[in-house]
Amino acid sequence: MARVSPALTAAVAVAVIALASTRSDAHKPVTSPYTFAEDVLPIVREKCGACHTAGGVAPMSLLTHAGAVPWGESIRAELMTGHMPPWQVDGPSWRFRNVRGLTARELDVLLTWTKGGTPPGKAGAAAALPVDNRWPLGAPDAVLPMPSSVTLPATAQDRIEELTLRTPFDRARLLRAVDLLPGTPAIVRSATISVRATAGPANAQDTLALWVPGDPPVPLAAGAGFLLPAGADLIVRIRYLKTWEYEHREMSDRSSVGLYFADEPAETVRALGLQRGTTVIGEPVRALAVYPDPALATAHVRAVATRPDGSREELIAFRPRPGWARRYWFAEPVALPRGTRIEVTGTPDAELLPPGALPQPPADLSTVRLTLDVVPWS
Amino acid sequence: MNRLCIRAVTGLLIVLLAVPPLSSLPIPGTVPEILEQLRTRDRQVRDLIRAGNFRAVWVPAFQAKDLAIALEPRAGHLAPRARESAEPAIQRVVRFAWLLDAFGDAGDRQQLEKAYAAFAAALAEVVTAFAGAQ
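As you go down the protein sequences, you meet chains P and C in turn.
Taking this note's numbering, the leading residue of the first sequence gets 437, the next gets one more, and so forth.
Taking this note's numbering, the leading residue of the second sequence gets 230, the next gets one more, and so forth.
Check each hint, because a few of them may be wrong.
Interface residues of chain P toward chain C, partial, derived using beta-carbon atoms under 7 angstroms [stated by the list, open to error]:
hint: 1; residue: M516
hint: 2; residue: P522
hint: 3; residue: D526
hint: 4; residue: A540
hint: 5; residue: R541
hint: 6; residue: L543
hint: 7; residue: P784
hint: 8; residue: L788
hint: 9; residue: P790
It is worth saying that the hints were derived from the structure and are not from the lab.
No experiment lies behind these values; they were computed from the predicted model shown.
Cβ atoms here follow ideal geometry from the backbone N, Cα and C, with glycine treated the same way.
Kindly produce the complete structure, drawing on both the sequences and the hints.
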């Protein structure tokens with residue numbers, strides 16, 4: 437029997453291993469070319485860091501390698517389903533002033549990293565950044581703190597609290613922005629700030645702010661303002677939610693509302709409600725923003741304007757997520773002449789759920805309602 | 230004889246190690262070439278699903294997403310209407326490529342076919358948006 441040299445045996449063995457690892461199993465390599473420090477952190481810091489940070493409202497920080505790695509599977513499922521980031525629109529994000537979705541490349545970097553071994557990169561473990569709890573627009577012209585603290589006992593996980601704030605102004609004011617500063621950011625999940633209308637023009641917009649974490653307020657451009665009648669009450673409806681980190685702990689919050697005055701004179705922003713179906717514009721207006729009914733979720737919603745001259749413009753196409761109702765500010769005001777027809781459609785969102793993804797609640801198409809913020813257009 | 234065998238195996242190893250991973254491919258330099266490659270990957274994904282070769286679907290799907298991502302920086306040069314459809318369509322190509330990978334691993338034909346329908350529609354939007362600009 438011929439003798440086979442050890443060198444040949446070793447060479448053949450290496451070749452077999454190389455063959456097996458590169459060609460015979462047509463499946464993915466397990467090493468991501470992207471690392472946390474160099475590739476992932478810059479993306480999540482910009483696009484996710486407002487919530488996913490130490491002390492933030494999200495159930496985990498993604499700003500450290502150690503914090504992000506255990507959630508790799510969840511991150512991948514949320515990204516593949518399009519559940520996160522929570523306010524992506526179907527059209528291009530640049531049509532809105534405040535939509536910061538992931539680019540295709542950013543999405544791929546995150547998915548590749550979560551699937552490919554979550555390598556840390558050279559910078560290693562970065563220090564955890566605390567939540568940035570400041571007024572994004574700078575110091576407000578007036579700050580109205582909640583009348584008292586709200587306490588969630590250790591046994592409570594979730595609560596909606598409605599508080600009334602009396603405003604101290606003896607004349608009507610116009611506001612360019614309204615914001616909320618959480619007292620305890622980790623449990624303030626969303627808020628609606630509205631004005632209890634006692635006077636003013638019909639259809640004056642009474643929903644001053646739809647606050648969700650990570651969505652800084654967008655000030656109205658000069659020439660427009662939300663009306664705050666003299667002595668009006670503000671209704672602040674806050675949803676509190678504890679994440680797993682704070683379960684069985686008593687938590688308190690005392691948030692504040694910030695008001696930013698508009699330069700006057702300015703047009704009063706009005707609300708134009710849109711139901712599913714067709715709405716005809718009675719007076720010429722410019723639309724500044726659009727927002728969904730807070731109960732609207734898990735439906736694919738589209739609003740298209742057809743002007744009398746036949747020109748068509750998609751106002752928005754999106755999939756509102758439960759708990760993430762907010763305003764979508766148009767990059768440029770949308771002119772809607774008298775006689776413009778706006779068609780709103782809503783269809784159940786047929787999701788494709790990869791293994792490990794959580795389904796959304798079923799769609800209730802009766803809640804397919806949108807509101808446009810408009811000002812007169814002459 | 231042994232020396233000859235060692236040389237042959239060494240040569241084979243060099244060739245093997247020089248072959249890039251199956252999922253990556255050189256990105257062509259021109260948009261028409263990229264679009265042609267996208268059409269090819271689309272057909273390959275469809276054929277693999279039809280053949281029941283689910284675990285291999287990820288290869289052309291990932292190649293298509295890499296090609297689509299290569300187009301993303303060029304979308305800014307498109308006419309506004311084409312850009313409006315191209316950018317979200319590229320994002321969908323990426324998302325559905327990853328879903329094809331996940332459903333392929335799970336061997337779920339029904340979900341694969343749904344994901345492929347969305348993937349193919351997004352690819353068609355990308356091709357239409359960029360083909361019109363040529």
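Consistency of the hints with the structure:
1. Evaluation of the M516 (chain P) hint against chain C yields a held restraint, the C-beta minimum of about 5 angstroms falling below 7 angstroms.
2. Contact between P522 (chain P) and chain C, as hinted, is not supported at the beta carbon level, the nearest pair being about 15 angstroms apart and thus beyond 7 angstroms.
3. Checking D526 (chain P) against chain C: minimum C-beta separation of about 6 angstroms stays under 7 angstroms; hint holds.
4. Evaluation of the A540 (chain P) hint against chain C yields a held restraint, the C-beta minimum of about 4 angstroms falling below 7 angstroms.
5. Given hint, R541 (chain P) at the interface with chain C, holds; its Cβ is 5 angstroms from that chain's nearest Cβ, closer than 7 angstroms.
6. Hint on L543 (chain P) holds. Least Cβ distance to chain C is approximately 5 angstroms, under the 7 angstroms limit.
7. At its closest, the beta carbon of P784 (chain P) sits 14 angstroms from a beta carbon of chain C; the interface hint therefore is violated under the 7 angstroms criterion.
8. A cut of 7 angstroms between beta carbons decides the hint on L788 (chain P): the least distance to chain C is about 6 angstroms, and the hint holds.
9. Because the smallest distance between the Cβ of P790 (chain P) and any Cβ of chain C comes to about 4 angstroms, under 7 angstroms, the interface hint for this residue holds.
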